[in-house]
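Enquirer: Remember, the working numbering sits 41 above the position in the sequence shown when you count from 1.
Because the hints were derived from the structure by calculation, they are not lab data.
This one's a predicted model, so the numbers in the text were calculated from it and none came from an experiment.
Since no wrong hints were added, every one of them can be taken at face value.
Derived DSS-like pairs (lysine-lysine); straight-line CA-CA distance at most 27 angstroms:
#1 Lys87 with Lys50
#2 Lys375 with Lys327
#3 Lys420 with Lys327
#4 Lys385 with Lys375
#5 Lys217 with Lys172
#6 Lys110 with Lys176
#7 Lys147 with Lys439
#8 Lys50 with Lys64
#9 Lys87 with Lys64
#10 Lys439 with Lys385
#11 Lys50 with Lys108
#12 Lys108 with Lys172
#13 Lys367 with Lys385
#14 Lys50 with Lys86
#15 Lys439 with Lys420
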Amino acid sequence: MNIQVRLDKIIYGGRVLGRYNGKVVFVDADGLEGELVDIQIVEEKKDYIVGKILNIQESSPQRVSSKCKYEQLCGGCQWQHIDYSAQLRFKEQILREQLIRIGGFKQPHIMPIIGMENPWGYRSRSRFILKTVPKGFSLGFYQAGTRAVIDIDYCHLLSQEMNEGYAAVRTVIAAKFDKFHAYCAVEIKSFGDGVLVFFVTSPKFQLSLSEAAQELQGIPVIKGVHQLVVDENQASILKTYFGPAISTYSLEGLSFQVQPTSFFQINLNQAQRLFSNALQLLLPQKNQRILDGHCGVGVLSLLAAREARNVVGVDVVISSISDAEKNSRNNGIKNVRFLCHDLKQAVSRITTPQFDSVILNPPRDGVEKYTLHWLLETKPARIVYISCNPTTLSRDMKILHQGGYSLTVVQPVDMFPQTYHVESIALLELE
42 MNIQVRLDKI IYGGRVLGRY NGKVVFVDAD GLEGELVDIQ IVEEKKDYIV GKILNIQESS
102 PQRVSSKCKY EQLCGGCQWQ HIDYSAQLRF KEQILREQLI RIGGFKQPHI MPIIGMENPW
162 GYRSRSRFIL KTVPKGFSLG FYQAGTRAVI DIDYCHLLSQ EMNEGYAAVR TVIAAKFDKF
222 HAYCAVEIKS FGDGVLVFFV TSPKFQLSLS EAAQELQGIP VIKGVHQLVV DENQASILKT
282 YFGPAISTYS LEGLSFQVQP TSFFQINLNQ AQRLFSNALQ LLLPQKNQRI LDGHCGVGVL
342 SLLAAREARN VVGVDVVISS ISDAEKNSRN NGIKNVRFLC HDLKQAVSRI TTPQFDSVIL
402 NPPRDGVEKY TLHWLLETKP ARIVYISCNP TTLSRDMKIL HQGGYSLTVV QPVDMFPQTY
462 HVESIALLEL E
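Using the sequences and the accompanying hints, generate a full structural model.
Expert: The structure is reproduced here in structure tokens:
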């Protein structure tokens, strides 16, 4: 059955919402609020309908032509059809709605989102999935909502050097596909004026990649080729064919080395702004003790330690803590120590006197309740919470607000243009 619906608004997760005969209608991200669309009903329940857009009868003035020929299939981008200024407005709108609806804040103070001058070519790292298909192979990204791999030859979110490196890898795989019949993914990372290539395989992958690496060594943009063998427990072994495996980045006057298995922001330009704004909200002082939860390779820990009395950084990833310790030594910063635990374990063991300020930078699931309750018991004066998920941010803000904290300000940062994702920095102060 087909129906006609006027779309009302974009919601978090990329879907667009409308109404029909008293029911909420959800369609995928290819719609825009204000548009009149013909919809095929895919699923209908008592109080909602899930539909697929068949035709746009009246289009939004914010709609633009997508650069990407894979936009309708690839799950990497949801918003290439939306003018960038409108993307920024929608992200602010979604963040505000989540804080009001889930967090219970009537008028959250949200600063204007920090966007990009050029919202293309910003990714410094990307992983491509290799899959055998009847006519050979597909190398690219997952199709939205499926495990099917969309074969792509170019991505507009990657830098020019990343695309050059990817094209070379595709050529080698096509010529030597018999060497890649077992599970394999390809991760490409920016490295100075070139890229590093990592073939990510399972332990079942027994074939040598030396021939492929030798061919790639002749490509000027490729500075290193490695194999990363990852088992079912996510333990990894690195095999180097040539070149460095460690990436080095500069932020706020400090140098950071990052191993292949350590996390680092993929948008380096916006990372500068993210960390700078987080530090401004933290306001570290010479007499303060600071806890950096989910510290990664120690970026905010080391930046804060330049101003604070001492800093404790915590992360569950062994390679990240190893990198953080090396980065502290390389930058000559001694008033910081790092613990390899999940944050819940760490706060239950820490015997340091009360922290004056706490940095939280959790994964998408947000902060565990145990840690939130520990914060309410120990009462640091200031909490800076960096979030990539407005839903869990709002949930955690509500708990902390009910426990005696004021949500002073939220600063959104657009780390992922052309997608619905939005990063936010929230400042909470003890009332």
